[in-house]
Amino acid sequence: MAVVVPRSFRLLAELEKGQKGEGAEGCTWGLERADDITLTTWTCTIFGPPGTAYENRIYNLTIICGEQYPDRPPTVRFNTQINISPVDRHGAVNGLSTLQNWNRNYTMETILENLRREMVSPQNRRLPQPPEGTTY
Amino acid sequence: MSEIEVKFKVSRGDEFSLTLKTDMTIRDVKTAAEEKCGFPPDQQRLIYKGRILKDNDVLADHKVESGHTMHLVKGPAPQAAAPTDGPAGGASTMTPAAGTAPATTTTPAPTTGMGGAPGMGMGGMPGMGMGGMEGGMDFGAMMNNPQMQQMMQQMMQGMANPQAGAPGAGGGGTTGGGQGGANPMAGMGSMGGMGGMPPGGLNPEMLQAMVNNPMVQQMMQQMSQNPEMLRAILQNNPMFTQMTAQNPMMQQMMDNPQLLAQMMNPQNLQAIAQMDQAMQTLQRNIQGGNPALGGGPGAGAGGVGTAAVGGQGGGAPNPAAGMMGGMGGGMGADPANMALLQQLMGGMGGAGMAGLGAAADTRPPEERFSTQLAQLQEMGFIDTDANIQALQEVGGDVNAAITRLLERGLGN
Numbered sequence: 001m002a003v004v005v006p007r008s009f010r011l012l013a014e015l016e017k018g019q020k021g022e023g024a025e026g027c028t029w030g031l032e033r034a035d036d037i038t039l040t041t042w043t044c045t046i047f048g049p050p051g052t053a054y055e056n057r058i059y060n061l062t063i064i065c066g067e068q069y070p071d072r073p074p075t076v077r078f079n080t081q082i083n084i085s086p087v088d089r090h091g092a093v094n095g096l097s098t099l100q101n102w103n104r105n106y107t108m109e110t111i112l113e114n115l116r117r118e119m120v121s122p123q124n125r126r127l128p129q130p131p132e133g134t135t136y
Numbered sequence: 001m002s003e004i005e006v007k008f009k010v011s012r013g014d015e016f017s018l019t020l021k022t023d024m025t026i027r028d029v030k031t032a033a034e035e036k037c038g039f040p041p042d043q044q045r046l047i048y049k050g051r052i053l054k055d056n057d058v059l060a061d062h063k064v065e066s067g068h069t070m071h072l073v074k075g076p077a078p079q080a081a082a083p084t085d086g087p088a089g090g091a092s093t094m095t096p097a098a099g100t101a102p103a104t105t106t107t108p109a110p111t112t113g114m115g116g117a118p119g120m121g122m123g124g125m126p127g128m129g130m131g132g133m134e135g136g137m138d139f140g141a142m143m144n145n146p147q148m149q150q151m152m153q154q155m156m157q158g159m160a161n162p163q164a165g166a167p168g169a170g171g172g173g174t175t176g177g178g179q180g181g182a183n184p185m186a187g188m189g190s191m192g193g194m195g196g197m198p199p200g201g202l203n204p205e206m207l208q209a210m211v212n213n214p215m216v217q218q219m220m221q222q223m224s225q226n227p228e229m230l231r232a233i234l235q236n237n238p239m240f241t242q243m244t245a246q247n248p249m250m251q252q253m254m255d256n257p258q259l260l261a262q263m264m265n266p267q268n269l270q271a272i273a274q275m276d277q278a279m280q281t282l283q284r285n286i287q288g289g290n291p292a293l294g295g296g297p298g299a300g301a302g303g304v305g306t307a308a309v310g311g312q313g314g315g316a317p318n319p320a321a322g323m324m325g326g327m328g329g330g331m332g333a334d335p336a337n338m339a340l341l342q343q344l345m346g347g348m349g350g351a352g353m354a355g356l357g358a359a360a361d362t363r364p365p366e367e368r369f370s371t372q373l374a375q376l377q378e379m380g381f382i383d384t385d386a387n388i389q390a391l392q393e394v395g396g397d398v399n400a401a402i403t404r405l406l407e408r409g410l411g412n
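Chains as they are written, first to last, in UniProt numbering: chain A, 1 to 136; chain B, 1 to 412.
Okay, chain B solo, but in the shape it has when bound (with noise of 0.2 Å):
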């Protein structure tokens, strides 16, 4: 849980503002509130984004963060319950894992989801089953695959050794390779024990074996040729469910082929130990409470929006780098967020990209901002020369560039 400052309007005009916890019940904010505005709290009606809140309700189950402002209405007379509309939209794919993100612990306890028995591996993510697959998904086919099958059992059985607790596993995995289903699915349970680790726990030097594993860098590389599977492991993981939830871009991110199978890259995933570390580092000297680190929600929301498409560029070196940058930006610019960006990090990988942002890249900039350019020429500025001038001087960040440009267009 944490705090929040938010603002009620009254319905004739006033206004006040109060500190309240995330995990508070709309009944606790109306107590809160009474002091205040002199209603007592039956005969408040708190009104937020459209809908009417139960008293019942946690805060946290509608997403309110600091800054935000709720509609306090006077009611008539005490009554039974205030009329409501439909449920709370999203709130019941919250994971109380999202809002206590910084465990900073690095003992070895978190890989057991990555090592452990298939079962385990399972119960790693949440709600995943041959139905929670979308279809059309080649799954069968590689299930029956005699080259993934044993990949995956060596793997399993790799993974396992390093593991005194979790002797069986090796074991649990060849036996299930005859099934086509319950191996492979072992597999699979593994990456999703990856999704659910603590983004404190993310042991480097795990990562780094892991990484090394040639089973693994096969598996990787098969998970990016089908991003259909990639995006249903991650769509089945309430994390990320969140996350996406509350972005509504980060759903273009996950459509972009180019851009898993980036992420799926080895050499990137090693980055992110790295990362992780960093960040860390990072949210303890913040403390939480800065803002500083990008801009306002919103600038973070466009940030995101635009970075992902500009990061489509073709066969750039690094097509992720810019936009997990725009996504590092974005994320970060509140608290809350950054705990989801380290669960992130943490649970997928490929996230912490953005310190790779720093290849060179010597081609021409018409190439290299091609994607930008593209989407300038939508938003209406045509002026191709103009547009990569601006591009150039702010590095390929779209937003700053036309904020040049309209500068440029005004002062003309």
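Chain A on its own, in the form it takes in the complex (with noise of 0.2 Å):
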């Protein structure tokens, strides 16, 4: 029997496993505001990977889970600067197929392993990169 999990529900599976670490490699995620009970902005970290132009690097995201996730995507987008195929120059990620082709099953993890996978995809690891630490 198919059992749709409701957003909170979700979203608090999320939220633990983010707390107890066990995500993706290079990915750790938690809500931005400990006391946001609608459980929408969220605050994560990708370590850029050994081997590429983003090696030794931690990127900080923000993910906002709207009302509707996760049947419909959320937003993410980049604070500290970054170069690469699926970001704007404005951060906003708008070029992942993760979220071109959302599926309901996708979550947060999903979301910033891919951006990981994009960052040593032989088109972008070696894209020269802006000055360390610099936000958008």
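Hints were generated in silico from the structure; no laboratory data involved.
Watch out, some of these pointers could steer you wrong.
Straight-line alpha carbon distances no greater than 25 Å define the calculated BS3-like cross-link-like pairs of lysine-lysine that follow [to be verified]:
no.	chain 1	residue 1	chain 2	residue 2
1	A	K20	B	K54
2	B	K74	B	K54
3	A	K20	B	K21
4	B	K36	B	K74
5	B	K7	A	K17
6	B	K7	A	K20
7	B	K54	A	K17
8	B	K54	B	K7
9	B	K21	B	K36
10	B	K7	B	K36
11	B	K54	B	K36
12	B	K74	B	K7
13	A	K20	B	K36
14	B	K7	B	K21
15	A	K17	B	K74
16	B	K21	A	K17
17	B	K21	B	K74
18	B	K21	B	K54
19	A	K20	B	K74
Per label pair, the in silico range of CB-to-CB distance [claimed, not checked]:
no.	chain 1	residue 1	chain 2	residue 2	range
20	A	S85	B	E366	31 to 39 Å
21	B	P365	A	P50	32 to 40 Å
22	A	V5	B	D385	20 to 28 Å
According to the in silico footprint, chain B covers these stretches of chain A (three or more CB under 8 Å from chain B) [stated by the list, open to error]:
no.	segment
23	14–25
24	40–49
25	113–120
No residue lacks a Cβ here, since even glycine has one placed at the ideal position from N, Cα and C.
Using the hints, put the two chains back together into the complex; each one sits in its own frame.
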């Protein structure tokens, strides 16, 4: 029997996974404000993968899970400046296939993991990067 | 402060654990981690829940708990402070009391907040003022209600009398009476004082006397008819704010007027004293470290969530009981929350109602489990008969019912 997990249950599960740090390698996430009872605004990090232009950098992102999440994808934005194909010059992630072909089983972890995968892709791994620590 | 076991994941796949104290700074943690990971503290960057932790932060600020994992990344050369975005959310609302709950004293000292002079009572409720109240509250009208004023005055006097140390309290209440603002606030203040009471200090006789006081009863009733007011009080209690922060489901609970009314029921309040004592005994016996009280923290949160919804059964004789049971189970899951729960019990009352769940209920199962049924339906379990059967088997626990239903579904 297919069970449709409601938004709050889904996000609470994601919150817990984030606290326990069980997520994909190089990715962490948590609530932007611990008292955000709507579980809407999340702060996330991606560690740049070794052997790429992103190595040794920690990227900070904000993910906003709207009312329709997970039926609709969240909005994802980099706060740390980055030069990478799915991200526009204002930091908005709009070219990621995970978001374009969203599926309600995807999680924030899926997004972060796939962004990190983009960092090691041949087209992105050698891109020149803005100075470390600069933000949008 | 308490000891926690935290796991560290190092960027190249290594892992190690450290036993830390929640009052350690991040700098302390890095120093402790140096031996395990081999990076000097200056080159370590610790990431937890999407944030880079700053050296001066304390573990408790980030609500790090046992079993959680931090990521440790080797940074470049030692530099100025690592770039960090955003303040640690919610940290500023922490009260030191949260970590040091089990004050086992039963001296009457804590009750001064209750009977004390108006000013004291207000002090017990940090940040609360007229401005702190949500708009739309019928506060002014209440203030100007002569009955209410009289009630407050009498209550203040009644409370102050047994207090040798606060002879002026009654007078204070009386003089404030004409001004519509000061006197009622005093009454509110005494509620706040109650909220601030350390859990161990809940004196059964005192509570009994208070609950039996018709003035208090009347006030309770007024309060229960005005859920906004109760909510404003609770929201101004830092302990409660923290609890809500840790558990978003608490908010839903507070949004349920029926439940709030139930909480203010004097009979239920009476049960608190017993419950509180039981909790103390329990905590002594458990010695803080035993996680066997409930599921894991996650299971706890789930329990609160579903139980809270389940508790909304309209005219049920004791709609709150199931929910409070859920809360007891969920919150009991780890020692830190246990302390919080205890404080909540002491502060808010009502929470002790878990013990009341035993009341026999003779209504048909469709009615008795109506909310749970609705909930199951929403989740996609559409076979009402199967739902009822499952709910009956597990005594109305939605989570357990789902487990049963799923097991059966798989068996077919």
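We went through each hint and held it up to the structure:
1. A/K20 with B/K54: holds (19 Å)
2. B/K74 with B/K54: Cα-Cα ~15 Å, so holds.
3. A/K20 with B/K21: holds (17 Å)
4. B/K36 with B/K74: Judged against 25 Å, a Cα distance of about 13 Å means the pair holds.
5. B/K7 with A/K17: OK: B/K7 and A/K17 at ~14 Å, within 25 Å.
6. B/K7 with A/K20: holds (9 Å)
7. B/K54 with A/K17: holds (22 Å)
8. B/K54 with B/K7: Answer holds: B/K54 to B/K7 is near 18 Å, not above 25 Å.
9. B/K21 with B/K36: holds (17 Å)
10. B/K7 with B/K36: This hinted pair holds, its Cα atoms lying about 12 Å apart.
11. B/K54 with B/K36: holds (20 Å)
12. B/K74 with B/K7: holds (16 Å)
13. A/K20 with B/K36: holds (20 Å)
14. B/K7 with B/K21: holds (13 Å)
15. A/K17 with B/K74: holds (23 Å)
16. B/K21 with A/K17: holds (22 Å)
17. B/K21 with B/K74: With Cα atoms ~23 Å apart, B/K21 and B/K74 stay inside 25 Å; holds.
18. B/K21 with B/K54: Answer holds: B/K21 to B/K54 is near 17 Å, not above 25 Å.
19. A/K20 with B/K74: holds (20 Å)
20. A/S85 with B/E366: 31 to 39 Å: Taking Cβ atoms as reference, A/S85 and B/E366 lie about 57 Å apart, which means the hint is violated.
21. B/P365 with A/P50: 32 to 40 Å: violated (59 Å)
22. A/V5 with B/D385: 20 to 28 Å: holds (24 Å)
23. 14–25: As far as the segment 14–25 of chain A goes, the hint holds, because 7 residues have Cβ atoms under 8 Å from chain B.
24. 40–49: holds (count 5)
25. 113–120: Coverage by chain B is violated here, the residue count being 0 at a Cβ distance below 8 Å.
Checked against the numbered hints above, the structure breaks hints 20, 21 and 25 and satisfies the rest.
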